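Engineer: Take a look at the letters that make up each chain.
Number of protein chains: 2
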Amino acid sequence: MKHWDCVAIVGVGLIGGSIGLALRNRGLAKQVIGIGRDTAKLQQAMQSGAVTRTTTDLNEGVAAADLVIVCTPVDSIVRYVRQAAAACPAGALLTDAGSTKAEIVNALASGLPVGVSYIGSHPIAGSEKTGAAHATADLFEGRTVVLTPTEQSPADKVDQLRNFWSSLGATVHVMTPEAHDAALAASSHLPHLVAASLAGATELDVLPLTAGGWRDTTRVAAGSPELWTQIIGQNRTNILASLARFEESLSALRSALETKDDRRLTELLTEAKRVRDAVGS
Amino acid sequence: MKHWDCVAIVGVGLIGGSIGLALRNRGLAKQVIGIGRDTAKLQQAMQSGAVTRTTTDLNEGVAAADLVIVCTPVDSIVRYVRQAAAACPAGALLTDAGSTKAEIVNALASGLPVGVSYIGSHPIAGSEKTGAAHATADLFEGRTVVLTPTEQSPADKVDQLRNFWSSLGATVHVMTPEAHDAALAASSHLPHLVAASLAGATELDVLPLTAGGWRDTTRVAAGSPELWTQIIGQNRTNILASLARFEESLSALRSALETKDDRRLTELLTEAKRVRDAVGS
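Taken in sequence, the protein lines are chains X and E. Residues 465 to 745 (the working numbering) are what the first sequence spells out, left to right. Residues 465 to 745 (the working numbering) are what the second sequence spells out, left to right.
Since the hints were made in silico from the structure, they are not lab data. One or more hints might be untrue.
Claimed, not checked - Keeping only pairs whose Cα atoms sit at most 20 angstroms apart, straight-line, the calculated SDA-like set for lysine to any residue is:
1) X:K724 <-> E:R700
2) X:K724 <-> E:A566
3) E:K466 <-> E:Q495
4) E:K724 <-> X:E690
5) E:K724 <-> X:G676
6) E:K621 <-> E:K593
7) E:K593 <-> X:R679
8) E:K494 <-> E:S512
9) E:K466 <-> E:G491
10) X:K724 <-> E:E567
11) E:K593 <-> X:D680
12) E:K466 <-> E:T635
13) X:K593 <-> E:G744
14) E:K593 <-> X:E735
15) E:K724 <-> X:A566
16) X:K724 <-> E:G697
17) E:K724 <-> X:P689
18) X:K724 <-> E:A705
19) X:K494 <-> X:P689
20) E:K724 <-> X:A705
21) E:K593 <-> X:G676
22) E:K724 <-> X:L704
23) X:K724 <-> E:K724
24) X:K505 <-> X:L691
25) E:K593 <-> X:S745
26) X:K593 <-> E:A742
27) X:K724 <-> E:G744
28) E:K505 <-> E:S540
29) X:K593 <-> X:K494
Predicted model only: the values in this text are computed from it and were never measured.
Same shape as in the complex, but just chain X:
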């Protein structure tokens, strides 16, 4: 397993902080540098043991890094990867942890210095919680991380990145950025919109009568509106396509309900249960 001399993490929230904790817990990096703008958050990452050093100066923070991971909200990833690529040593590997990939990977397909490689990552391991306070060393264990290399990505760097995420306990899938975004629209971004619609449509006087069902179905709606606006904004077309499929599915249930067709209703609920049961609790 490759050990890193110096890993720079840009943005030490839930994902960045958890990467730091996992690296240090497993003894996989000599130095882990936490880079951010908010010194209180950097301080917290330092105290939790997620990083060995912190800085608010990105250029200085990545100057000796052999691996740079940008864990900021999706709208700022391209900018920070570009800046880090210009300031890090030749041979460095750069990646990110953004929930969307096509827009980011396409923007970074050209214009980076020769000798550094950017390959997109998406650890599918977030939650409605954010911030370093929720970071844990085992966040990636048993989780899926998608890598989205392009034809230009050097094979040895793809292997390095694959090994990096595997070393944190994750299962790695390799996909095109476009296939990633289409899948995540269905598996994550649409569920977010649906959960938010359901929460938003619930009148306040009904809340005392909610139980596990409503709470589960709406849980992700507690996520950050700002972060999700960015994510959704970068995957508009795929989400609208997934939404159309959802609306068809909902419309079939509505029509069974309107026509009092209980046989059809049971059929549709059975098909949904079959899909749900395939995933487990």
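Given chain X's structure and the hints, the job is docking chain E onto it.
Structural biologist: Chain E only, in chain X's frame:
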């Protein structure tokens, strides 16, 4: 706190089994009789300690009961309450645990023998799991139970029933059957349809890329299609009204997405988060 001489539970699944365990754990009933058609399930309830005696003969099982609780699927509740009412002693209190109330309570508003009282209950404490194997003595602790008495319900019996559920640790709300069904359409039945639509609309090749968000949002879709067809069928009009409200809410999000109106998208997600945060995790 009232102690019962003999409580008869018709249907010893998740709810019925949990009532038995809670009564016996708290020493609230001398005898708890489990009544059902499936001797293997009755045997399981006996072994888990949920009941002190079992029978497949409803008439015989309720013959000495001062409290009868019908915990069967909603479509059979009216029938079993009628049968139990004809066979139990004068003065007995009968209730149920069904997820819908208006149709059941209205059907039982007349035709019961003089001297026995039926009052509807709904312990809001189910889950996507069913069966006595998941029953627990603390299922009702901190949960809400709705009682739906009518103008004909004797006040002392309403108090008895309220005390019964309180003695199992629940918080009791009293509502009309109609208000209950309207609220539950929004808090439980619609979320079920939405979760099922989302699961049903998810293509199988996307499942490996699902994480906590999809799993939470679709969890209840693992519930029994047959039980849910009955529940939904008894609350059609309210569910269609809740569904219309949900579709408006979803449509507002879709339109913000289509018009790339990120400010509006953030507003809608913020409003949804406000509702969701009011409930807690």
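Engineer: Next step is simple, just say for each hint if it's right about the structure.
Structural biologist: Cross-check of the supplied hints:
1. X:K724 <-> E:R700: At roughly 8 angstroms apart (the allowed maximum being 20 angstroms), R700 of chain E and K724 of chain X satisfy the hint.
2. X:K724 <-> E:A566: Holds, at roughly 18 angstroms.
3. E:K466 <-> E:Q495: holds, 14 angstroms
4. E:K724 <-> X:E690: holds, 14 angstroms
5. E:K724 <-> X:G676: violated, 34 angstroms
6. E:K621 <-> E:K593: violated, 31 angstroms
7. E:K593 <-> X:R679: Holds, at about 16 angstroms.
8. E:K494 <-> E:S512: Holds, because 17 angstroms separates the two Cα atoms, which is no more than 20 angstroms.
9. E:K466 <-> E:G491: holds, 11 angstroms
10. X:K724 <-> E:E567: Measuring from Cα to Cα gives roughly 15 angstroms; hence the hint holds.
11. E:K593 <-> X:D680: With a Cα-Cα distance of about 14 angstroms, the restraint between K593 of chain E and D680 of chain X holds, given a limit of 20 angstroms.
12. E:K466 <-> E:T635: Satisfied, since the Cα-Cα distance of roughly 17 angstroms is no more than 20 angstroms.
13. X:K593 <-> E:G744: holds, 12 angstroms
14. E:K593 <-> X:E735: Roughly 17 angstroms between the alpha carbons, so the hint for K593 of chain E and E735 of chain X holds.
15. E:K724 <-> X:A566: holds, 18 angstroms
16. X:K724 <-> E:G697: holds, 7 angstroms
17. E:K724 <-> X:P689: holds, 15 angstroms
18. X:K724 <-> E:A705: holds, 15 angstroms
19. X:K494 <-> X:P689: Between K494 of chain X and P689 of chain X the Cα gap is close to 36 angstroms, so the pair fails against 20 angstroms, i.e. violated.
20. E:K724 <-> X:A705: holds, 15 angstroms
21. E:K593 <-> X:G676: This hinted pair holds, its Cα atoms lying about 11 angstroms apart.
22. E:K724 <-> X:L704: With Cα atoms ~12 angstroms apart, K724 of chain E and L704 of chain X stay inside 20 angstroms; holds.
23. X:K724 <-> E:K724: With a Cα-Cα distance of about 39 angstroms, the restraint between K724 of chain X and K724 of chain E is violated, given a limit of 20 angstroms.
24. X:K505 <-> X:L691: holds, 18 angstroms
25. E:K593 <-> X:S745: With a Cα-Cα distance of about 10 angstroms, the restraint between K593 of chain E and S745 of chain X holds, given a limit of 20 angstroms.
26. X:K593 <-> E:A742: Satisfied, since the Cα-Cα distance of roughly 15 angstroms is no more than 20 angstroms.
27. X:K724 <-> E:G744: violated, 35 angstroms
28. E:K505 <-> E:S540: holds, 18 angstroms
29. X:K593 <-> X:K494: Not OK: K593 of chain X and K494 of chain X at ~29 angstroms, beyond 20 angstroms, violated.
In summary, the structure is inconsistent with hints 5, 6, 19, 23, 27, 29 from the numbered list given earlier, while agreeing with the others.
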